[in-house]
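Protein chains in written order, with the UniProt record's numbering: chain A, 1 to 448; chain B, 1 to 472.
These are calculated hints, taken from the structure and not from any lab test.
Being a predicted model, the structure only gives us computed values, none of them experimental.
Each hint should be verified, as a subset may be incorrect.
Just some of the chain A residues that point at chain B, by a computed CB distance under 10 Å [what the hints assert, rightly or not]:
1. Gly67
2. Asp69
3. Arg70
4. Gly74
5. Ile348
6. Glu349
7. Cys350
8. Arg352
9. Ile355
10. Ala356
11. Glu358
12. Met368
13. Gly371
14. Arg373
15. Phe375
16. Val394
Glycine residues also receive a C-beta, built at the ideal position from the N, C-alpha and C atoms.
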Amino acid sequence: MADLSTNFIGVSSPNPFWLASAPPTDKEYNVQRAFEAGWGGVVWKTLGAAGSPVVNVNGPRYGAIHGPDRRLLGLNNIELITDRDLEINLEEIARVKRNWPDRAMIVSLMVPCEEEEWKSILARVMETGCDAVELNFGCPHGMSERGMGSAVGQVPDYIEMVARWCKQHSNLPVIVKLTPNITDIRYPARAARKGGADAVSLINTISSIVSVDLDNFAPTPTIDGKGSHGGYCGPAVKPIALNMVAEIARDRETYGLPISGIGGVTTWRDAAEFIALGCGTVQVCTAAMTYGFKVVQEMASGLSEWMDEKGYASIEDFRGKAVRNVTDWQYLNLSYVTKARIDQDLCIECGRCHIACEDTSHQAITAMVDGRRHFEVIDEECVGCNLCVNVCPVEDCITMERIEGTDPRTGKPIPAAYSNWTAHPNNPMRKEAMQFAPEPVTLPEPAE
Amino acid sequence: MNELSPPLPDIAAGRLDAETLAGNFSDLHPPLEGHEALVEADRCYFCFDAPCMQACPTSIDIPLFIREIQSGNPVGAAKTILRSNILGGMCARVCPVETLCEEACVREKAEGKPVKIGMLQRHATDSVVGVREHPFTRAEPTGKRVAVVGAGPAGLSCAHRLAMLGHEVVLYDARPKAGGLNEYGIASYKATGDFAQREVEFVLSIGGITLETGKRLGRDLDLDDLRDMYDAVFLGIGLAGVNALGGEAGEAAGQHDAVAWIAELRQTLDLSRLPIGRRVAVIGGGMTAIDVAVQAKALGAEEVTLLYRRGREAMSASRYEQEIAAARGVHIRCNLSPRRILAENGHVRGIEMERTRQDEGRLVQTGETTLIEADQVFRAIGQSFRLEGVDLEEVGVRTEDGRIAVDEERRTSLPGVWAGGDCVAGGEDLTVVAVEDGKRAALSIHAALSREAPGFLARASQTLSGLVHGRL
Numbered sequence: 001m002a003d004l005s006t007n008f009i010g011v012s013s014p015n016p017f018w019l020a021s022a023p024p025t026d027k028e029y030n031v032q033r034a035f036e037a038g039w040g041g042v043v044w045k046t047l048g049a050a051g052s053p054v055v056n057v058n059g060p061r062y063g064a065i066h067g068p069d070r071r072l073l074g075l076n077n078i079e080l081i082t083d084r085d086l087e088i089n090l091e092e093i094a095r096v097k098r099n100w101p102d103r104a105m106i107v108s109l110m111v112p113c114e115e116e117e118w119k120s121i122l123a124r125v126m127e128t129g130c131d132a133v134e135l136n137f138g139c140p141h142g143m144s145e146r147g148m149g150s151a152v153g154q155v156p157d158y159i160e161m162v163a164r165w166c167k168q169h170s171n172l173p174v175i176v177k178l179t180p181n182i183t184d185i186r187y188p189a190r191a192a193r194k195g196g197a198d199a200v201s202l203i204n205t206i207s208s209i210v211s212v213d214l215d216n217f218a219p220t221p222t223i224d225g226k227g228s229h230g231g232y233c234g235p236a237v238k239p240i241a242l243n244m245v246a247e248i249a250r251d252r253e254t255y256g257l258p259i260s261g262i263g264g265v266t267t268w269r270d271a272a273e274f275i276a277l278g279c280g281t282v283q284v285c286t287a288a289m290t291y292g293f294k295v296v297q298e299m300a301s302g303l304s305e306w307m308d309e310k311g312y313a314s315i316e317d318f319r320g321k322a323v324r325n326v327t328d329w330q331y332l333n334l335s336y337v338t339k340a341r342i343d344q345d346l347c348i349e350c351g352r353c354h355i356a357c358e359d360t361s362h363q364a365i366t367a368m369v370d371g372r373r374h375f376e377v378i379d380e381e382c383v384g385c386n387l388c389v390n391v392c393p394v395e396d397c398i399t400m401e402r403i404e405g406t407d408p409r410t411g412k413p414i415p416a417a418y419s420n421w422t423a424h425p426n427n428p429m430r431k432e433a434m435q436f437a438p439e440p441v442t443l444p445e446p447a448e
Numbered sequence: 001m002n003e004l005s006p007p008l009p010d011i012a013a014g015r016l017d018a019e020t021l022a023g024n025f026s027d028l029h030p031p032l033e034g035h036e037a038l039v040e041a042d043r044c045y046f047c048f049d050a051p052c053m054q055a056c057p058t059s060i061d062i063p064l065f066i067r068e069i070q071s072g073n074p075v076g077a078a079k080t081i082l083r084s085n086i087l088g089g090m091c092a093r094v095c096p097v098e099t100l101c102e103e104a105c106v107r108e109k110a111e112g113k114p115v116k117i118g119m120l121q122r123h124a125t126d127s128v129v130g131v132r133e134h135p136f137t138r139a140e141p142t143g144k145r146v147a148v149v150g151a152g153p154a155g156l157s158c159a160h161r162l163a164m165l166g167h168e169v170v171l172y173d174a175r176p177k178a179g180g181l182n183e184y185g186i187a188s189y190k191a192t193g194d195f196a197q198r199e200v201e202f203v204l205s206i207g208g209i210t211l212e213t214g215k216r217l218g219r220d221l222d223l224d225d226l227r228d229m230y231d232a233v234f235l236g237i238g239l240a241g242v243n244a245l246g247g248e249a250g251e252a253a254g255q256h257d258a259v260a261w262i263a264e265l266r267q268t269l270d271l272s273r274l275p276i277g278r279r280v281a282v283i284g285g286g287m288t289a290i291d292v293a294v295q296a297k298a299l300g301a302e303e304v305t306l307l308y309r310r311g312r313e314a315m316s317a318s319r320y321e322q323e324i325a326a327a328r329g330v331h332i333r334c335n336l337s338p339r340r341i342l343a344e345n346g347h348v349r350g351i352e353m354e355r356t357r358q359d360e361g362r363l364v365q366t367g368e369t370t371l372i373e374a375d376q377v378f379r380a381i382g383q384s385f386r387l388e389g390v391d392l393e394e395v396g397v398r399t400e401d402g403r404i405a406v407d408e409e410r411r412t413s414l415p416g417v418w419a420g421g422d423c424v425a426g427g428e429d430l431t432v433v434a435v436e437d438g439k440r441a442a443l444s445i446h447a448a449l450s451r452e453a454p455g456f457l458a459r460a461s462q463t464l465s466g467l468v469h470g471r472l
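The following block holds chain A by itself, in its conformation from the complex (with noise of 0.2 Å):
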């Protein structure tokens, strides 16, 4: 059996699934209940400071996207950090650590970007036994209008600023919690180092209007006829996550700085995915407000099998294994040709592919053959594409074939050997020296 254990910037959970800072941890009676569920460890949810707390609209905060038989694809909110008081916040922490010290214990916190606030508030939480902090510099709506959340978020130096002040006045390691909500991920990432965060954890929710209601012509979810812009979550943003972490991941200046993945971890296969690029642990939201807190059970036992199918002992085993193979396209080898191949016995003829192929790309699959409806790659005009691929409702139906000698489009040879674009003759910019694939680029070690 794999041992799903973690140690991340030395707060240890059983499991690397953390049910992020969200409504699902808001309370004592909810975390108490993700725990019971076999949750490795909550990310509570944002404490802002001491006095009158936040106040939620009372209308409906979330808006959905929902595929056909109404699963949620993504989801959105907006919701502010917590609208319950402070203290008895940190109280219920303090109560739900030290009855299970096992689990991991993060406190989010949010207040102005001013010190002696954040060094009050960290005062408090440590108080409480916690295992760390995370700074939420990615909250896209309410609280960013007041100079909080993403706009913090949004500006490196800030992100800097305040992650320096935490490490100062607290003896708890630091995660700075990013906002997709910017053009380059790797400038707050490099901030947050530099600041001498312990780690990111990336993504906030991205600003969305989920979709407009047609009768009252006001985005969902709307409040007595108007609505605002939220924060997008759920399956539909892991892709955008995945590439920010990557671009964390493997970026020369953020290269072995601890990530907790977040965005979409829908199943085991997604959590992996993001271990793969390097994150230590995730965290969940969607999946548990859409399931309930049980699936954390798919998730360990999903990855546990995998793992053990694979091989791997221990999260560490494999993760950031997918670091390597994100490169930049210019990078990618261009020897490397493919055909599309239909798998006939598989084919249940219902032509997506053919209508694909020919209305919107290449032209380069058959409808009909000797008369009869027949779907059949033309080597000619295929130029690897997989649309058809991914449009086929079979699973492997469609695959793709590697192939060598002459290139049945072009007429040319297949080159034996990799090439990029950087040698192309087509590439004004080219150099002759960079005929090889850059090899993993030795990245200095972990600053830790």
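Use these hints to put chain B onto chain A, whose structure you have.
Coordinates of chain B only, in the frame set by chain A:
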């Protein structure tokens, strides 16, 4: 005969209480709920040159209408269906989809579970037929008048399409109500809630069609007169004759023609007053035989035996229909051919059957007999084309295999006369085929009439292209 048998005949009305009866005659398939329809629609792969569409005699653009349902546009879906098949509502209920569109569905090939095209078609058409105003409008009046004889599926389809193209139509029918087979010949649990009449009203509501019932060709109408009075004539007169049972049948009471009995049942306002035997035998292997057997059972008959002279695979009722019958307690017995009706005191008491077998495709009588006790015997052994008072050949309408011969465009050999539906040779005797016949004939009539009217052709082709591209 067993001496302990109760005295025959045992025929009675009201064998079941009202609630059971109502349940037995309720919708065969309850309509899909909104969410069910969305989920089912999502199973459609939106195939290229979809096989289901190829398999539909009226070529409904099935992938398109399903996609329209899926995007929350059932009215658009209904228009897509009705554009090809104005009786799409009834066809959704009575088409043997398991041997048409659904058999061709790629999901059938993939999983043995086709998309429920028939149910989706019903979902879409139910949002329009009898609920909303007619979705299509008529073209400019052409000044041409067409007689359509027979207000069954073929006649309705033809009349509708002609009216839509701007012609004036007089629609004649011998019976008191329009609808033909839909009104008089379909098992009632397949079209509940008087759907046939609602659909007729819907079809006629396009305007330009005058319905005259109680007018029978050969009795009240003369083909030559019609040709004189109208610019074209369409015959959609169905099958009036019933095949006779070979051998001795006698005059004994308790023998019924299945088609007439179904018509009676359909017109009966109170099913609890319709008498049915305790033991019922149905002879035949087609859809009508199944309809009779299932409805006899639904009325409370205790034993219903369907007798067919060949093997199951040869039955023209599909496997699915056979299953429906079996599920409702009908006993299907094959390789039994009727030899003689047994009667006592002027009433049937059973039927002597002879066992048969197949020998290299040929039906062989074995000489071995068996007795089936029955209070009532229903003949459902096919219908024939019969037209009293008119000798079609004499007036110049060629026939073939005992039915009217037509070409691709549904033209008969007599100029100005078109025909379609069950009365023409070579069809499959299906509602959907009749609808297609009527539609094709209408387009052919329209083309013919347009040729005669100078300057009309351009407008006509515009109208037709509007049809094709769905602008109508």
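Verification of the hints:
no.	hint	verdict
1	Gly67	8 Å, holds
2	Asp69	5 Å, holds
3	Arg70	8 Å, holds
4	Gly74	17 Å, violated
5	Ile348	4 Å, holds
6	Glu349	6 Å, holds
7	Cys350	4 Å, holds
8	Arg352	6 Å, holds
9	Ile355	4 Å, holds
10	Ala356	9 Å, holds
11	Glu358	8 Å, holds
12	Met368	9 Å, holds
13	Gly371	13 Å, violated
14	Arg373	7 Å, holds
15	Phe375	9 Å, holds
16	Val394	7 Å, holds
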